[in-house]
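K.L.:
The chain contents come next:
Number of protein chains: 2
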Amino acid sequence: MRGNGTRMAAAPQYFNSSTKERHRNRKGAELWDIRWGLLCSHPADYTPVCTTELGRMAKLAPEFKKRNVKIIALSIDSVQDHHGWTKDINAYIGESSVQNLPFPIIADEKRELAVQLGMLDPSERNKEGLPLTARAVFVIGPDKTLKLSILYPATTGRNFDEILRVIDSLQLTACKKVATPVDWKAGEDCMVLPNISEEDVTKLFPKGIHIKALPSSKKYLRFTPQP
Amino acid sequence: MRGNGTRMAAAPQYFNSSTKERHRNRKGAELWDIRWGLLCSHPADYTPVCTTELGRMAKLAPEFKKRNVKIIALSIDSVQDHHGWTKDINAYIGESSVQNLPFPIIADEKRELAVQLGMLDPSERNKEGLPLTARAVFVIGPDKTLKLSILYPATTGRNFDEILRVIDSLQLTACKKVATPVDWKAGEDCMVLPNISEEDVTKLFPKGIHIKALPSSKKYLRFTPQP
Numbered sequence: 001m002r003g004n005g006t007r008m009a010a011a012p013q014y015f016n017s018s019t020k021e022r023h024r025n026r027k028g029a030e031l032w033d034i035r036w037g038l039l040c041s042h043p044a045d046y047t048p049v050c051t052t053e054l055g056r057m058a059k060l061a062p063e064f065k066k067r068n069v070k071i072i073a074l075s076i077d078s079v080q081d082h083h084g085w086t087k088d089i090n091a092y093i094g095e096s097s098v099q100n101l102p103f104p105i106i107a108d109e110k111r112e113l114a115v116q117l118g119m120l121d122p123s124e125r126n127k128e129g130l131p132l133t134a135r136a137v138f139v140i141g142p143d144k145t146l147k148l149s150i151l152y153p154a155t156t157g158r159n160f161d162e163i164l165r166v167i168d169s170l171q172l173t174a175c176k177k178v179a180t181p182v183d184w185k186a187g188e189d190c191m192v193l194p195n196i197s198e199e200d201v202t203k204l205f206p207k208g209i210h211i212k213a214l215p216s217s218k219k220y221l222r223f224t225p226q227p
Numbered sequence: 001m002r003g004n005g006t007r008m009a010a011a012p013q014y015f016n017s018s019t020k021e022r023h024r025n026r027k028g029a030e031l032w033d034i035r036w037g038l039l040c041s042h043p044a045d046y047t048p049v050c051t052t053e054l055g056r057m058a059k060l061a062p063e064f065k066k067r068n069v070k071i072i073a074l075s076i077d078s079v080q081d082h083h084g085w086t087k088d089i090n091a092y093i094g095e096s097s098v099q100n101l102p103f104p105i106i107a108d109e110k111r112e113l114a115v116q117l118g119m120l121d122p123s124e125r126n127k128e129g130l131p132l133t134a135r136a137v138f139v140i141g142p143d144k145t146l147k148l149s150i151l152y153p154a155t156t157g158r159n160f161d162e163i164l165r166v167i168d169s170l171q172l173t174a175c176k177k178v179a180t181p182v183d184w185k186a187g188e189d190c191m192v193l194p195n196i197s198e199e200d201v202t203k204l205f206p207k208g209i210h211i212k213a214l215p216s217s218k219k220y221l222r223f224t225p226q227p
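If you read the sequences in order, they're chains V and H. Be aware that the first sequence starts at 1, since it is given in the UniProt record's numbering, and climbs by one per residue. Be aware that the second sequence starts at 1, since it is given in the UniProt record's numbering, and climbs by one per residue.
Worth double-checking, as some hints may not be accurate.
As the list claims (entries may be wrong) - Pairs of lysine-lysine, BS3-like flavour, derived with a Cα cap of 27 Å:
#, chain 1, residue 1, chain 2, residue 2
1, H, Lys59, V, Lys218
2, V, Lys185, H, Lys59
3, H, Lys59, V, Lys127
4, V, Lys59, H, Lys219
5, V, Lys218, H, Lys127
Everything labelled a hint here was simulated from the structure, so no lab data went into it. It should be emphasised that the depicted structure is a prediction, and the values quoted were computed from it without experimental measurement.
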């Protein structure tokens with residue numbers, strides 16, 4: 001069973017290791033002052049798609065930092081492989097003089113975290129016949145629960161614009177009484193949550209709302225500019 | 001555990017019901033002549049984000065048809081609710097005179113499929129305290145195995161451009177010896193699979209390849225125009 005509950009139970013043990021950093025150097029009183037997490041596993045070091053993915057993650061590090069998201073990669077390769085491969089990744093993104101990546105790569109050689117978090121892909125195996133880590137994406141909220149989970153096929157590189165889009169939605173909806181509609185991007189109109197009474201709407205959404213008239217006469221399609 | 005294996009075991013029983021349609025009216029000898037599947041669950045009928053999502057699915061039905069993808073929605077609401085809500089969805093997308101959607105919505109009132117496929121979200125419950133279906137996306141290949149799995153948060157509408165992007169990659173890589181790099185879109189350069197020998201490259205990729213020189217001297221970053 002892959003319901004959210006399983007992941008939520010598994011995630012905190014790893015992410016608690018960053019507890020010390022959680023209250024550091026943040027402005028504002030909203031949820032942004034506590035850290036979010038992005039954990040991405042990849043099948044193997046020194047492989048084509050993974051190199052383009054970790055290169056993009058490195059380039060996007062400032063975007064994740066801006067959103068207070070700690071990013072971490074994971075595979076079953078060794079620390080030595082991670083160090084060697086890091087040079088290739090930096091060369092690929094045109095940063096040959098840089099020695100490190102702006103995020104850690106976990107060397108899960110014994111597959112302990114991969115098993116715990118359900119990241120192994122039974123259909124992708126190494127030369128010894130052992131399963132490789134899947135191309136997984138987990139976004140963890142400051143409450144240490146799983147918010148987004150994606151398992152991409154081994155053939156298909158991830159879309160980091162989509163990951164950032166969902167994080168923007170998660171951070172907005174964590175502190176405002178809205179949800180974001182299909183294909184939403186930061187700055188676009190949002191939807192008022194169904195449990196907000198008509199009386200509270202004016203107070204909560206001073207920019208106003210637009211209610212779409214529907215055959216059922218139910219008033220649940222309430223749009224508002226992004227609060 | 002949410003590894004691919006679990007889903008793969010669960011998916012075929014439902015998707016086998018479309019066996020009859022699998023060989024119908026398709027041209028070409030590639031994998032497109034067998035059907036793909038997209039199964040999307042949503043928390044509840046008559047709710048804001050779900051309405052925008054199913055409206056977008058209806059608008060995109062020709063895109064899925066073009067890719068030979070059978071699309072299906074699922075929630076724990078009744079058939080009667082699905083019929084009433086369909087009118088709202090069509091009104092929302094400006095198709096008030098249309099009575100149906102171009103895809104079925106499964107009425108999984110007893111939560112049988114939702115439990116079988118791990119689609120219930122323990123943190124989202126109805127008035128009776130029973131768990132609702134999560135905002136899940138499953139893409140199933142013609143071999144009846146799970147290819148892509150996404151669990152979006154209840155607050156965040158899906159991105160159907162991303163779903164189509166992954167389907168394009170899956171259908172391409174199912175019949176060509178390439179993978180697609182991070183953020184790839186249809187028509188952009190692809191990557192030669194690591195298991196293709198240098199000798200086979202010329203034969204398989206007549207448009208040529210570009211090998212990126214790397215500090216490790218390994219030749220795994222091989223780009224080629226989309227075959």
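K.L.:
With reference to the structure, classify each hint as holding or not holding.
P.N.:
Here is how each hint holds up against the structure:
1. H:Lys59 with V:Lys218: holds (22 Å)
2. V:Lys185 with H:Lys59: holds (19 Å)
3. H:Lys59 with V:Lys127: Measuring from Cα to Cα gives roughly 45 Å; hence the hint is violated.
4. V:Lys59 with H:Lys219: Holds: Lys59 of chain V and Lys219 of chain H sit about 23 Å apart, inside 27 Å.
5. V:Lys218 with H:Lys127: holds (18 Å)
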